[in-house]
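Student: One letter stands for each residue in the lines below.
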Amino acid sequence: MTIKVARPSEDIKEEIYLVAIVKGMGLTLKHLLSNLFNMRQLPIVEYPEKQKQFPAGYRGKHRLTKREDGSVRCVACYMCATACPAECIHIVAEESPDPTIEKRPARFDIDLLECVFCGMCVEACPVDAIRMDSGIYSITDFNRKSFVITKEELMNVKPQGMPE
Amino acid sequence: MTSNLALDIVIIALKAIFLLLILLVCAPVLIVLERKISAFIQDRPGPNRASIGPIRLGGFVYIVADAIKLFTKENFTPSNANRFYYYLAPAISVAVALSTGAVVPFADTLHFENVSIPMQVLPINAGLLWFFAIASLGVYGIILAGWASNNKYSLLGAVRSSAQLISYEIPMGLSVVGILMAFQSLDLSKIVEAQGGLLTFFGLFPLGIYLGNVWLGIPNWGIFLQPIAFIIFIVASYAETNRTPFDLAESESELVAGFHTEYSAMKFGMFFFAEYMAMVVASSIMTTLFFGGWQVPFFSTAALQQFSLPMMRIALGVTILVLIMMTLGLYRFFLGQKGRFGDSRDSEGLILATITGGLAVVVLLLLGLTFGLSDLPTWGGVTFAAVVQFLSFFIKMFLIASTFIWVRWTVPRFRYDQLMNLGWKSLLPLALANIFVTGVVILLMNYFTQARGGV
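As given, the protein sequences belong to chains W and F, one line each in that order. Using our numbering, read the first sequence as starting at 533 and increasing by one per residue. Using our numbering, read the second sequence as starting at 312 and increasing by one per residue.
Simulated from the structure, these hints should not be mistaken for lab results. Please note that a few of the clues may not be correct.
Unchecked claim - A partial selection of chain F residues facing chain W, derived with a Cβ cut-off under 8 angstroms:
| # | residue |
| --- | --- |
| 1 | 355 |
| 2 | 356 |
| 3 | 579 |
| 4 | 676 |
| 5 | 717 |
From a predicted model like this one, the values you see are computed outputs, not experimental measurements. Glycine included, each C-beta is placed from N, C-alpha and C at the ideal position.
The task is simple: from the sequences and hints, build the whole structure.
Tutor: Okay, here's the thing in structure tokens:
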């Protein structure tokens, strides 16, 4: 059995286009003129000079947290790399000199161009070693290589402008 | 005779250069205007940062930035492209856009003591035919670009464009037939001359009132004589210049960038320029046919020449008022902008206010000079009339070109079948009906004038 799809009612005003187009042009003209004479009131942020405060929990650039003695908190358990849907975390583990800790990362690289900023690594981490609370959301550079950030760079990321 | 020939050549060359300048200046200005208008329609400020020193001009410095960018980018050619046609296509687009405007009269014929100069680069008596013949060649640029790029999307854009041109050329030509019947000429300067004066009620009495020296009322413009022809013509022009809502050749949401997908750097820039120059030319043709061309409403050329001195004084006075208002506005802008960028750009308002203030003083001095004269010499009156007529033409043309932009940011693109339906099922019958009605009215008018004891 065929299903009859209801057509939109054939309004003569819309059939001849012109009336509807003139109405639409009136609307855009209203926007144009009101914005032209009230340029200060435009709902915008003048980006490089003024930056928006992001809410707590906004996922920005990753950082690796440290212990009190300044060593990396990560124990190279590979949980984050396993959880990562974009497979952008590359860890090489080594033995830790501290007898109470089993392993630590020798290398901990994140390819920021692959990363989808989903936060799965943060959720997966058992020791709160990786966080995305740096508040850095504008990640720019000149070549692809410099988007792969290493353990040292991750440990040096300073959280900025995030409300506690 | 030889000296006359040389003079003629120089005059024609000057006119051609003048036309080129108009087109080459208007195109980048329209490009920035398009970005600003689209921004304001969409509640954004648009380009406003680029600056030469402290001067930003509200984003108009982007003209320079765009030009430098387009000239310095990598000039990429796809390996399987047909090189000859690939390079020829943008050249055709630009050449066509430039040469179409040659027939547009931008002021009344200049009559000096022993020479009279038609203010048209190409004063031929079939100007309208020239416009149609050359403007429809513009699509060859698009078809060649699409074909030579060796790219599916380019080819699809080109095919759509050619089908669209065929469908819309017919209603456009037929809509102009109505104008031809009303003004009885193919010569664009004759058409403009016929649009002076007031609209008459079927040739019986003028629709207006007589006030001392001038008639006020509805001018005898094509848009009032042939409103339906105007609607058809404007829709068809949007289609001819490939502007939204008929930019199916480009349709960036479906065909990457349509016919110019494979074009980069200045080859793309030439298509971009050609689009805006075609817009300017289409607007000037529309001005000529429907908005009285260079006619200043209510003032004939003779009146402009006769009252040139008082009118010049009024014009200078208004200019001073406008400049003073601009100076005050810019100063207010400067005060409001303090510390926005933290560099020399903050002082822009002050610099511009100084310039406009200085200009106001200069114009004031000029106004003082005109009071020293008892009467302008003949050539002064002629030149003044020509300048005012050109300004009238230019303002009308620019307003229509802005309407192109306004429509683009209001109306979404037509689907392909809707485009064909509109062209063949609505515009074509409408244009034919318009011709029929016009013919009947003209016949009746002739019948009544003869009955009243006319010719």
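Student: Could you run down the list of hints and mark each one as holding or not?
Tutor: Hints versus structure:
Annotation: interface hint on residue 355 of chain F holds; nearest CB of chain W at approximately 6 angstroms, less than 8 angstroms. Against a cut-off of 8 angstroms between C-beta atoms, the interface hint on residue 356 of chain F holds, since the closest Cβ of chain W lies about 6 angstroms away. A hinted interface residue such as residue 579 of chain F counts as satisfied when its beta carbon comes closer than 8 angstroms to some beta carbon of chain W; here the least separation is about 24 angstroms, so the hint is violated. Look at residue 676 of chain F: its Cβ only gets to about 33 angstroms from chain W, farther than 8 angstroms, so that hint breaks.
Taken as an interface hint, residue 717 of chain F checks out: its beta carbon lies about 6 angstroms from the nearest beta carbon of chain W, inside 8 angstroms.
Checked against the numbered hints given earlier, the structure breaks hints 3, 4 and satisfies all the rest.
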